[in-house]
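There are 2 protein chains.
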Amino acid sequence: MGKITTQLTEARAGRITDAMREAAAHEGIDPGRLAAMVADGKAAIPANRKHAALKPRAVGRELKTKINVNLGISRDCADVEAEFAKVRGAIGLGADAIMDLSSSGDTGPFRRRLVETSPVMIGTVPAYDAVIRLDKALKDITSDEWIETVRAHAEDGVDFQTIHAGITLETVARLRGKRRKTGIVSRGGSLLFAWMSMTGRENPFFERFDEVLDICAAHDVTVSLGDACRPGSIADSTDGAQVSELVALGDLARRARERGVQAIIEGPGHMSLSDVQANMVLERRLCDDAPFYVLGPIVTDIAPGWDHVTSAIGGALAAASGAAFLCYVTPAEHLRLPTFDDMREGIMAARIAAHSGDIAKGIPGARELDDRMSEARRNLDWEGMFSLAIDPEKARRYRAESKPEREDTCTMCGAMCAVRNVNEILEGREVDVK
Amino acid sequence: MGKITTQLTEARAGRITDAMREAAAHEGIDPGRLAAMVADGKAAIPANRKHAALKPRAVGRELKTKINVNLGISRDCADVEAEFAKVRGAIGLGADAIMDLSSSGDTGPFRRRLVETSPVMIGTVPAYDAVIRLDKALKDITSDEWIETVRAHAEDGVDFQTIHAGITLETVARLRGKRRKTGIVSRGGSLLFAWMSMTGRENPFFERFDEVLDICAAHDVTVSLGDACRPGSIADSTDGAQVSELVALGDLARRARERGVQAIIEGPGHMSLSDVQANMVLERRLCDDAPFYVLGPIVTDIAPGWDHVTSAIGGALAAASGAAFLCYVTPAEHLRLPTFDDMREGIMAARIAAHSGDIAKGIPGARELDDRMSEARRNLDWEGMFSLAIDPEKARRYRAESKPEREDTCTMCGAMCAVRNVNEILEGREVDVK
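Chains W and B, in that order, give the protein sequences. Residue numbers for the first sequence follow our numbering, beginning at 8 and rising by one. Residue numbers for the second sequence follow our numbering, beginning at 8 and rising by one.
These are computed hints drawn from the structure, not numbers from a lab. Values in this document were obtained by computation on a predicted structure and should not be read as measured data. Treat the hints with care, as some may be off.
Any copy will do: because identical chains look the same in the list, a pair fits if it lies in one copy or spans two.
[Claimed, not checked] Calculated pairs, DMTMM-like style, for lysine to aspartate or glutamate (alpha carbon to alpha carbon, straight line, at most 25 Å):
1) Lys410 to Glu88
2) Lys146 to Glu414
3) Lys410 to Asp83
4) Lys143 to Glu218
Whole structure, please, built from the sequences with the hints as guidance.
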């Protein structure tokens with residue numbers, strides 16, 4: 008293999024890479040400070056050596072919260088060009104990362120084209136693709152074949168891979184003994200659970216974790232340690248299965264870093280708002296502050312059709328409490344594959360959650376945007392408001408659809424506009440409000 | 008006046024009213040326990056003696072979080088029948104209260120019809136209506152005329168009225184001295200600010216507060232103490248103006264209770280997520296745990312078009328931390344009057360926030376809904392999921408728009424459905440996932 012160099016090994020050696028410089032510039036921080044976070048495992052820069060189109064970005068608790076968009080081809084949505092329209096849309100709308108969760112079809116060309124054309128981080132889940140690319144039943148997949156899928160994705164230039172190494176035969180026994188309300192809802196986790204149950208063999212991603220790490224190190228792939236026991240219901244959250252796996256993921260993250268591989272930790276999931284902050288503390292302690300990548304948290308189970316909202320609530324509090332990376336959730340969650348419009352809503356909700364979290368934890372530069380918006384509001388500067396809005400198109404359209412009687416106000420208050428009238432009074436003029 | 012009796016005086020006298028019984032039944036708690044909360048001012052049952060159509064409900068920190076919907080006629084939306092279609096829609100979608108914020112036109116008949124036909128609590132803001140119903144300039148409104156508007160609304164059967172008694176000449180001087188980023192954004196607050204500035208006179212709602220209370224006591228109108236200094240930007244939140252007013256509102260609430268009048272406190276507003284919990288603690292201490300009615304909190308300023316999401320984030324954490332009553336916010340906030348569809352989105356987002364808060368603070372019965380949904384999910388019981396969904400129509404429509412290859416799964420994962428495959432394995436069957 009020769010001597011490996013990754014962002015982590017370089018940072019430990021005190022060298023500042025171009026990727027660190029570029030990612031630090033995006034954050035508006037000193038590259039040396041970012042390098043120190045990377046060296047400590049508190050930030051990761053997922054950047055496969057082969058991903059030439061990438062604009063490197065860092066994820067970490069003290070950095071701007073990033074958002075991921077899930078896309079990919081499937082049997083029910085096999086139109087490659089439609090999916091690439093989504094990819095372009097997602098990047099335009101502000102996605103920081105795209106995970107290719109293709110579940111059917113000719114995944115290799117799709118993945119390679121995605122890497123070639125995307126300036127954002129690309130992630131994959133090799134457990135899915137092992138099932139798709141091999142012409143055999145799940146239980147007949149060999150240990151080698153699971154591992155070789157990691158290598159194939161690494162060679163294709165993927166920046167981070169979800170590795171479900173935390174679920175083991177011991178987990179399987181635990182889950183059989185005490186049934187959770189919703190068992191395993193992680194797709195990759197369920198595949199390994201089924202494979203282990205049917206073959207009686209240990210999880211190859213766990214058993215051969217060092218081999219996985221060597222593959223990742225050779226291409227500087229960041230391991231995203233998958234949480235197979237992610238709670239699928241409020242009832243199952245912060246239970247033994249979830250917390251035991253988090254302990255295991257912390258151990259695996261340390262092994263990754265020791266081998267020069269950057270690691271991030273995947274997390275919940277469905278969870279009461281009352282548990283979110285404790286879960287962020289738990290991850291920080293158990294996993295040495297490795298970047299925490301959360302799916303949600305979805306704070307109520309009863310809102311299918313509105314899970315972009317339930318996850319914005321949980322995601323905002325998670326980010327405010329230390330999560331570094333939010334996986335978007337769309338209104339289609341729990342119901343069907345998302346359309347382009349669903350994706351748009353999911354991205355906006357996730358960006359709002361991320362930004363709200365950044366304001367709350369005092370990320371430099373976050374609040375300035377809000378201050379500029381508030382000044383534009385006080386000045387009734389509508390063009391200024393639109394240009395600062397997270398979704399200028401929607402803001403502009405909403406106002407245009409309902410013309411106010413006074414140009415400077417809006418139809419919500421009309422002549423009773425508080426902003427206008429207070430401005431007038433403070434400038435020494437009288438007002439009427441009819 | 009004779010001897011007044013209100014829910015508060017009755018509760019203090021140890022009598023349990025029909026309204027207490029009905030509201031307690033809705034909560035699933037003992038009427039005596041609710042009466043004790045009402046006696047302490049920790050819960051309010053806004054129920055005007057004249058509001059015959061009302062199904063009484065209580066608001067309070069230890070009760071189910073309630074949501075309010077703002078409606079009303081205005082110059083830009085003067086179609087009374089269209090507005091009543093919204094009223095019926097709001098009630099059908101789960102509003103617990105409707106505030107009539109009419110800002111123009113023939114408001115009396117609208118208000119009386121609203122009270123006559125509505126089973127939910129009705130609130131108004133007399134400061135707006137004084138301006139509308141009187142054929143004179145704002146500065147020429149007399150002190151008597153402001154107060155008489157409260158009486159008119161009380162006689163029309165309104166259950167709660169926003170009384171902007173916390174803003175005084177002292178506040179005016181403070182706001183002139185140190186300019187906030189967004190000054191006063193409360194519409195009623197800005198009217199009184201302008202009136203005081205132009206006339207040099209003290210706020211009549213403050214100066215003649217005891218008269219206001221006597222009117223409210225006579226009809227058992229709950230005073231909702233308005234926060235004129237509600238922050239209109241993250242920058243202005245939890246500042247001297249806001250906190251001083253909250254101190255004053257606590258004093259006014261005590262005066263109300265001493266006079267037998269139920270009181271609730273209105274609150275923020277735009278606010279960083281990091282400040283929400285502290286604000287809930289502050290209100291509880293300064294106002295003796297009087298029910299807290301919040302508008303948002305809106306956790307970032309930069310998302311016009313998406314403020315149903317920004318306020319769901321803040322509202323959920325507020326409810327989880329003690330807020331009793333959430334005012335809905337629609338995607339049209341800051342841009343225009345809401346349409347029916349905007350109202351629908353605002354209600355769903357507010358209901359999600361309220362329910363998420365109820366789960367987090369352990370309101371009895373809240374989590375049970377989620378548990379039943381999770382059981383339906385584990386059983387792939389789609390009809391069960393739809394019937395338990397907060398928005399059955401949307402959930403059903405989303406799934407119907409994208410038919411899966413296997414009837415029991417959905418197009419998100421298809422044959423890789425984790426729930427289905429884990430169920431199969433746990434029942435001792437093998438699975439394939441192609």
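Here is what the structure says about each hint:
Proximity of Lys410 to Glu88 under the C-alpha cut-off of 25 Å is restricted to the inter-copy arrangement: shortest distance 21 Å between copies versus 39 Å within a copy. Only between protomers do Lys146 and Glu414 lie at most 25 Å apart by alpha-carbon distance; the minimum there is 24 Å, versus 67 Å within a single protomer. Taking the shortest alpha-carbon separations for Lys410 and Asp83, only the inter-copy value of 8 Å comes in at or below 25 Å, while the best intra-copy value is 42 Å. Within a single copy, Lys143 and Glu218 get their C-alpha atoms as close as 24 Å, which meets the 25 Å cut-off; across copies the closest is 83 Å, which misses it.
Violation of the numbered hints given earlier is absent; every hint is satisfied by the structure.
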